[in-house]
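Going down the list, the protein sequences come from chains A and B. With UniProt numbering, the residue at position 25 of the first sequence is 25, and numbering never jumps. With UniProt numbering, the residue at position 252 of the second sequence is 252, and numbering never jumps.
Source of the hints: derived by calculation from the structure; they are not laboratory data. Glycine included, C-beta positions come from ideal geometry on N, C-alpha and C. Please note: incorrect hints may appear among the correct ones.
[Stated by the list, open to error] Beyond 12 Å from chain B on every Cβ pair, some chain A residues (computed):
1) THR6
2) ALA31
3) ALA36
4) PRO76
5) TRP77
6) PHE93
7) LEU123
8) TYR156
9) SER163
10) THR170
11) ALA180
12) GLY202
13) ASP205
14) PHE215
15) LEU228
16) GLN229
[As the list claims (entries may be wrong)] With a cut-off of at most 20 Å between alpha-carbon atoms, the simulated EDC-like pairs for lysine to aspartate or glutamate come out as follows:
17) B/LYS57 to A/GLU24
18) B/LYS224 to B/ASP94
19) B/LYS57 to A/ASP27
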Amino acid sequence: MLAGMTANVVFGMLRVAILAAALEAADGEIADYDIAATNTYVWIGQGLLGFVLLWGTNELAERVRSGDVVVDLYRPWHLQSAMLAQDLGRGGFAFLTRLAPPMVFGVLLFPFQFPASSAQWPLFLVSAVLALVVSFACRFLVDASAFWLLDNRGLYGFWNVTSGLLCGLTVPVSFFPGWARDVLWLTPFPALMQAPIDVFLGHGDVTGVLLHQLFWAVALLGAGHLVLQRAVRKVVVQGG
Amino acid sequence: MADTVYPRLIGARLRSQMSYRASFALDLATQALAQWVELVVILVLFSHVNALGGFSKEEVLLMYAFAGIAFGIADLFAGQLDNLPTYIRAGTFDVLLLRPLGTLPQIMVSDVRLRRIGRIAGALAVMVYALAQVSVVWTPAKVALAIATPLAGAVIFSAIWVVTCSVCFWIVEGREFANAFTYGSGAFTSYPVNVYSAPLRWVMAFIVPGAFVAYYPSLALLGKQDPLGLPGWVGWTSPLVAALAAGVAALVWRFAVRHYRGTGS
Chain A
1 MLAGMTANVV FGMLRVAILA AALEAADGEI ADYDIAATNT YVWIGQGLLG
51 FVLLWGTNEL AERVRSGDVV VDLYRPWHLQ SAMLAQDLGR GGFAFLTRLA
101 PPMVFGVLLF PFQFPASSAQ WPLFLVSAVL ALVVSFACRF LVDASAFWLL
151 DNRGLYGFWN VTSGLLCGLT VPVSFFPGWA RDVLWLTPFP ALMQAPIDVF
201 LGHGDVTGVL LHQLFWAVAL LGAGHLVLQR AVRKVVVQGG
Chain B
1 MADTVYPRLI GARLRSQMSY RASFALDLAT QALAQWVELV VILVLFSHVN
51 ALGGFSKEEV LLMYAFAGIA FGIADLFAGQ LDNLPTYIRA GTFDVLLLRP
101 LGTLPQIMVS DVRLRRIGRI AGALAVMVYA LAQVSVVWTP AKVALAIATP
151 LAGAVIFSAI WVVTCSVCFW IVEGREFANA FTYGSGAFTS YPVNVYSAPL
201 RWVMAFIVPG AFVAYYPSLA LLGKQDPLGL PGWVGWTSPL VAALAAGVAA
251 LVWRFAVRHY RGTGS
């Protein structure tokens, strides 16, 4: 775990340095981000990365490929709900081990922008949990594609490569040109990362951000449910 | 014997990856995309500023491209070291020790990730673009420098991989620690090193010789002064640094393997 922390902190410091250099060249502010907001953005992002588990394992897909998924399907549970419950439990632990440490690191060593009102703390928590649910729903869909593709590593790789940029992890969504920003907010990607950060920093309209997250959480979980229903009909048990 | 075994092993890996053509093509495209995602970040930043650490967009793109090609080549051969913890934990490293070949080369050819060519090609395209845009006074020596830089960088990155993964002989779950320096260096070297804070720069640019992958050779090519104050000839020393790094890596690997104890069962 300490090893994971090292990687997380090193990458956080790289991102802070590059964004700070850009801020310096732009007279101290880009799109509502001054140096304190930028540091806060980076360290919350580094924490959320492990909490929402943006790049998860491809475990369900591997089980589909190997056929082990049959065991999961004949248990008396709704597979998607069971996996969501597992992921929420993981999130509870990750809250302490993955989300809090980088934020503490950022508070101690860098200028940090705390929320202006105390109401933002619980709202940030709600937003972070919603982000985790959206992240789970996306990962579930990528996983479930294995029912049709058998080898979904291409799609899985595609998700891993693009999601970091599109959700606002590598640069804030508001740094993008106007049209790209508008298009991105029509997709679920900002709900994964940019939304909780915006709530914490007080950027944008909190209600709108939370509704965006809620909509995508429900829509993607629903899509996952439908996909699973269809997928079950596809399963062929081979052998004895 | 080794001179015929390795080409055969590599050939076998290549054939196995080419056998699923559609999957392989998709992998290649994804890797090129991975390289361009970083490109988008640079372009987005430069839509707000004219210079980063005193370097123009094209100059930063040149460093990013050198770093990308070097990292891609290193990943092709040394990336397999990421599997080292699995070998050590499962005890399968014993098998490598039993064979009459070097352990490090065996791991390197255990899975030549051909799809990394997508990443290399993506970076190569940016390098061609950047070299066409920046003003370089071309001499035969500078042409040689432009060709040698990604290769020396690949050796430096590979050495970083070997040294940091050697930690796994002591801390079995040390992969993420190693990743901080391998993938971390990949990200670090894509930007001019003078943007980083002094402690970070000392570790990642000089102790881990990341500054010699792209930054100093680019300065020499562009004929620019180093904002950090090192003289101009430093930009020509990357191949030397690479040789030195490879030597250190070989020593560290020998030392680490000597400390390997099997899992006992």
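Results of checking the hints against the structure:
1. THR6: violated, 5 Å
2. ALA31: Since the minimum Cβ distance to chain B is about 8 Å, A/ALA31 lies within 12 Å and the statement is violated.
3. ALA36: holds, 16 Å
4. PRO76: holds, 35 Å
5. TRP77: Since the minimum Cβ distance to chain B is about 31 Å, A/TRP77 lies beyond 12 Å and the statement holds.
6. PHE93: Answer for A/PHE93: holds, closest chain B Cβ roughly 17 Å.
7. LEU123: holds, 28 Å
8. TYR156: Answer for A/TYR156: violated, closest chain B Cβ roughly 9 Å.
9. SER163: violated, 10 Å
10. THR170: At roughly 5 Å from the nearest Cβ of chain B, A/THR170 sits no farther out than 12 Å, so the non-interface label is violated.
11. ALA180: violated, 9 Å
12. GLY202: holds, 21 Å
13. ASP205: holds, 23 Å
14. PHE215: It holds; A/PHE215 is separated from chain B by about 26 Å at its closest Cβ, greater than 12 Å.
15. LEU228: holds, 24 Å
16. GLN229: A/GLN229 clear of chain B: closest Cβ-Cβ about 27 Å, beyond 12 Å.
17. B/LYS57 to A/GLU24: Holds, at roughly 15 Å.
18. B/LYS224 to B/ASP94: violated, 51 Å
19. B/LYS57 to A/ASP27: Holds. B/LYS57 to A/ASP27 sits at ~18 Å (cutoff 20 Å).
Comparing the model with each numbered hint stated earlier shows that hints 1, 2, 8, 9, 10, 11 and 18 do not hold.
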